[in-house]
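Participant: Residue numbers (my numbering), protein chains in the order written: chain A, 1 to 777; chain B, 1001 to 1330.
Hints were generated in silico from the structure; no laboratory data involved.
Positions of the beta carbon are idealized from the N, C-alpha and C atoms, including for glycine.
Careful, some of the hints might be misleading.
SDA-like mimics (lysine to any residue), calculated; alpha carbons at most 25 Å apart, straight line [what the hints assert, rightly or not]: (1) A/LYS602 to B/LEU1032; (2) B/LYS1002 to A/PHE617; (3) A/LYS654 to B/PRO1159; (4) B/LYS1054 to A/PHE617; (5) B/LYS1230 to A/GLU736; (6) B/LYS1037 to A/GLN597; (7) A/LYS599 to B/TYR1036; (8) A/LYS602 to B/ILE1046; (9) B/LYS1002 to A/LEU611; (10) B/LYS1002 to A/SER603; (11) B/LYS1230 to A/ASP749; (12) B/LYS1240 to A/ILE758; (13) A/LYS105 to A/PRO89; (14) B/LYS1092 to A/GLU613; (15) B/LYS1219 to A/ILE758.
Listed below are several chain B residues computed to face chain A (Cβ distance under 8 Å; list not exhaustive) [claimed, not checked]: (16) PHE1022; (17) LEU1032; (18) LEU1139; (19) PHE1147; (20) LEU1155; (21) ILE1160; (22) PRO1162; (23) PHE1206; (24) PHE1233.
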Amino acid sequence: MSIEKNIIFIYPILPVLNDLKLKLEEDDSYNVYEMDSTNEYKQLVGVLETSITFSSDMKKTSYFLQENTNFLTGPNTKSFAVTNKTIPPFVIGKLQKFGLTELLKDDVQLKSLLHKVESFYLQLESKEKAEKDSKEKSLAGVLIMNKNTNKEVSTDEKQRVEKLIVDKKENEKIDPKLKKIDLSGIQIGGGQLRSKLGYSSGSFSSPFDNIQRKKVVEFKENNTQLDLKKSTFSLPDNEYAKKRNNFKDQTEDPKLKKLTQFKSKEMLPSKKKNPVFKEVDREQKKHEKFEEQTIIGKKNNKFVEVDIDKKKSKGFEEIPQDLNRKKYDFKEVDGPLRKKKKIDLSSLDLNKKSLKFEEVELSKKKRKTIDLDFQDIKKKDGVSKEEDEELNRKKKNIHFDESEMNKKNKKFEQVDIDLQKKNKSLDLVEIEKDKSKTTLNLDLDQVGNSKKLNLDEETKNKKNTKLDQIDPNQNKKSSTFNKVEIERKKKGQFIDVEIERESNWNKNKDKKLDQHKNKSLNLDLENKKNKNLNNIVIGEKKEKNLQSLEAETKEKNSQIENLLKMTRKDWGEQTIDYKKMKIEMAEKKAMLRSEEQVKLDKSIADQLALLEEVTYFYPGTFGLEYLVHEDALLFTESIDNIKALKFIHFSLIKEMNADISFYLFNDFEADPEGIFSIGLIYHGHKVNTTESQIYSLEEEISNELSQKWAKYELPTWDDETFRAEINHFVYPFFDEGKKYGFAIASFKDSIKGHYSAIKAELLIMSAKSIILSESKL
Amino acid sequence: MKFLKISSKFLKAQLVFTFDLFLYDTERDTRLVALYKNSPVTEELINSWIDIEKKGGYLQIIEEELDSFCNETKTSAPSVERLNAFNIKMDKIQKERINTYSKKVESSFLLKTFLLNEDTTGFMPLIERVKSEVMLFELSLSKEVSFTTDLVDKLFTSPILPVKIAAFSYMFAKLNKIDDPEVLCSIINGALFKDIGMNQISRSLFFNKDYYQGALYKKHPMLSIFLLSKSGFEFSKLTKRIILEQHEVIDGSGFPRGKKEDFISPMSQIVHLSDQVIKLASGHIDGKKYEVLDAIKKIVFQVPIENLIFNFSTNLLDNLKSLLPVDLES
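The whole structure should be built from the sequences, with the hints applied where relevant.
Facilitator: The following block contains the structure:
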């Protein structure tokens, strides 16, 4: 059996999860569910046995975690949240308490997510395999024990066996007709019968049947086939309901009644053909072979006394086999059962006082079911020949059936010990089966007979005393059981059914069902209804209890209906006012538009604010282009020094409206006062003499001023605050500590600050090359 | 998208504008949205903006919103323009330059074809081409780019030696797939100012061949840097490096530091190579004038001239060789 790999994505999801979804969708082994709302999720997650949930929206995540904590905290579910936001640790802790497995960042790799999914399901699969293996081993061990030794049975086992025997005896009391119907698992107008009988409620099904059923189910599980899943739960009921209707129609047809009288034999081949039974047989053949061998050996010794009536007990034990069939496929099982019912109903005789159980061999493979004893009915109908034939056939098979039944019982009990502990889920399966089985279908024809069905406490006590005498040895159990049965028959007592255990078990069932309402609400309802019938107790004392039970069931039904109302959404007819819708939509759109527009505008503004500020830089050259020109002039041989000095003068005029004159020291040492040693090489002030007397330095050179300037050893401004209208600047030319000359520049309102002063200085100092070249020092 | 500076004085409380107001923080060089459109102006906001303006920050609007701003605040456009006078002036200069030089740049220009076809003695087509291209550099790129555009505008009018070298360096740099305006401007500046330090050395020495072997000559790169530093303009490191490394040779025989191979900037080598080509062609090396192609050929084939060996990286020489016509390649 493979595990359903369910992956749930709750929208909206991040791109990583979207990739994961696409990846998983490619793999057929995964069932991918996409959920928009948490309500959908709530409905789904309860139904799924295993699931992994992925979500991105933290609000939705917290919501669904809180809503479905019960489901999500289990070992078979995981929930991952992938977010691009930073979540504080205490929030993560809370979410994990609610069932969040892990919180992942959006930069998580797709591979790691896939690994998480795969590893989770691998773990589950490996667990399941391990469980299966252990069960198989334990079963094998039981079989070996049974084969080889008759070891002493433990006290617990003894008790179990005793209980089983008691149940068998109780079953013997059950009206064979009802029992047969019970086995069929098909309701035959049960509701009508109840009302006409006057029984408020009760159960015609045997507690023993249920035990056996449970064992069989568990036994089958051990045989590796656990195909009954939740998904198949709904099928039997639907099929069953259909068949029930069909069955009614058929039984009402008088022509069919006659036909069905002869169908007891005809049923056999139909069952053989049934492929489901073949499957069952494969699993059981091994056990049966073993049993056959033992039976052959014991036939003559232990089952000599076995009477035809013993068939009843066998019949009870054959029930599990029928149930097994149902477990595999309800549809197919119902087919032959329906036929059987036709016979049963046709063979019912209202005037008949004593109903006998008869075992009918259904196939050569020793499939048996309880059937009504047709003998009396047939006699009345004039079918004596067939009766003789049937009796002969039953006698032949009876010994074999008896021993086989006992063997199986043993095995079932032992297997039951393990399985009851381990497989809780199987209870559900049982419920399902039991539901189909325990639905008693009574016909109006049975009213007369059912009056005779009384729950007699005295007979109960007798039963118990007789049961006490039963040897715990299982081989003898069936024979003693049959003895008791024979005695009872002789007394002409009708077998009554007291089903305390059955009812208790059914109650437990209901509780479990309540827990699984989400899975199969319809089934649950059906079960509840059936329960009313199952709980029918025949007897005066029980009638009161039945009434109370019925009231309880009604209450429960109403509760369930309420639950259904709560859980179901009413999607009935709705009138939609499209005009209103359009207006609302338009308003919403308008609102959205305005809101969106504001958001858009703001985002645009924010984007614009991020643009770089355009800062222009003023394209000034700081007079450096003159240095470049001068550089070119210096390397031009054709240009003499004076021309070069003129160029400097030109640059000063152009840039600062200034005049400049260059002086050289002829021999400073020879003339310490320096008055006569100063030689003018370039007189720039001549140019502007007309503009101002100050510029006419020709005379002043000989004056004290020129002598003063000649003594400056550093570049000096007359007015260092640059406020004077005419500002003189003296620049001495030094090279290696020796003064070669100086320049006097006069600026008229052109030097406004330090910046222009430097510029002027730079232009004047570029004349050094010429001064050095002209100097004769 | 351009922004216009506005003053908070233009704004009044309870006005609601149909445009966004921005706040530029000069200290942090960041812009924020001061007020989104359709939001009312409050007294508090105005006061806060005034405080920011005192610290050097200013309010801005998008240039396209000027009309709506004037209408809604009832201010005149000139008052806003006055606040943005410098930027408007720069815009005008930029636009004028684009109008003048963009057409000249439309036609393709190849240094090889120029050297083959044009009269290289003038060098003017090359100079004008370089000028046209440089004048289209944006004034907002950097201070040096703006400086260079103005320098080129003033200098690239006559084929003087430094300008020839700068123009050739520029084109050769482009040949070597250097397209960054700032780098190209550094190359031009380096080529133009590399020898200005010579004006601190006696001119009488320049025409003596021994001078070029002397220690005094080797000082001129440092002197150039000194003069540039006196200018008060902060040149880029690359420009300074080009000037300092203008005579460095890859074999370490250069000056002033004797740098080798990769320690010398490729841009410095480009300027150095261009300098050698132009100076050799103009007769500044051996006193003989050559055609530029001949000078290139001598450098490419490392023909020793006056005991001077042209030692450059093979990549540069290969690129230089590509300028030669096929018949001169061998």
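Participant: If a hint holds in the structure, say so; if it doesn't, say that too.
Facilitator: Tested hints:
1. A/LYS602 to B/LEU1032: Distance of about 12 Å is within 25 Å: holds.
2. B/LYS1002 to A/PHE617: Measuring from Cα to Cα gives roughly 16 Å; hence the hint holds.
3. A/LYS654 to B/PRO1159: 21 Å, holds
4. B/LYS1054 to A/PHE617: 23 Å, holds
5. B/LYS1230 to A/GLU736: With Cα atoms ~19 Å apart, B/LYS1230 and A/GLU736 stay inside 25 Å; holds.
6. B/LYS1037 to A/GLN597: Holds. B/LYS1037 to A/GLN597 sits at ~11 Å (cutoff 25 Å).
7. A/LYS599 to B/TYR1036: Distance ~11 Å between A/LYS599 and B/TYR1036 Cα, so the pair holds.
8. A/LYS602 to B/ILE1046: Given pair A/LYS602, B/ILE1046 holds - Cα atoms ~20 Å apart, limit 25 Å.
9. B/LYS1002 to A/LEU611: 9 Å, holds
10. B/LYS1002 to A/SER603: 18 Å, holds
11. B/LYS1230 to A/ASP749: With Cα atoms ~22 Å apart, B/LYS1230 and A/ASP749 stay inside 25 Å; holds.
12. B/LYS1240 to A/ILE758: Holds, at about 20 Å.
13. A/LYS105 to A/PRO89: Measuring from Cα to Cα gives roughly 13 Å; hence the hint holds.
14. B/LYS1092 to A/GLU613: 18 Å, holds
15. B/LYS1219 to A/ILE758: Holds - the C-alpha atoms of A/ILE758 and B/LYS1219 are around 23 Å apart, at most 25 Å.
16. PHE1022: 6 Å, holds
17. LEU1032: Where the cut-off is 8 Å and the nearest Cβ of chain A is about 6 Å from B/LEU1032, the hint holds.
18. LEU1139: Given a least distance of 5 Å, the restraint on B/LEU1139 holds.
19. PHE1147: Status holds, d = 6 Å.
20. LEU1155: 5 Å, holds
21. ILE1160: It holds, given that the least Cβ distance between B/ILE1160 and chain A is near 4 Å, below 8 Å.
22. PRO1162: 5 Å, holds
23. PHE1206: This hint holds: B/PHE1206 lies near chain A, its Cβ roughly 6 Å from the closest one there, short of 8 Å.
24. PHE1233: Nearest chain A Cβ about 5 Å off; hint holds.
In terms of the numbered hints stated before, the structure departs from none.
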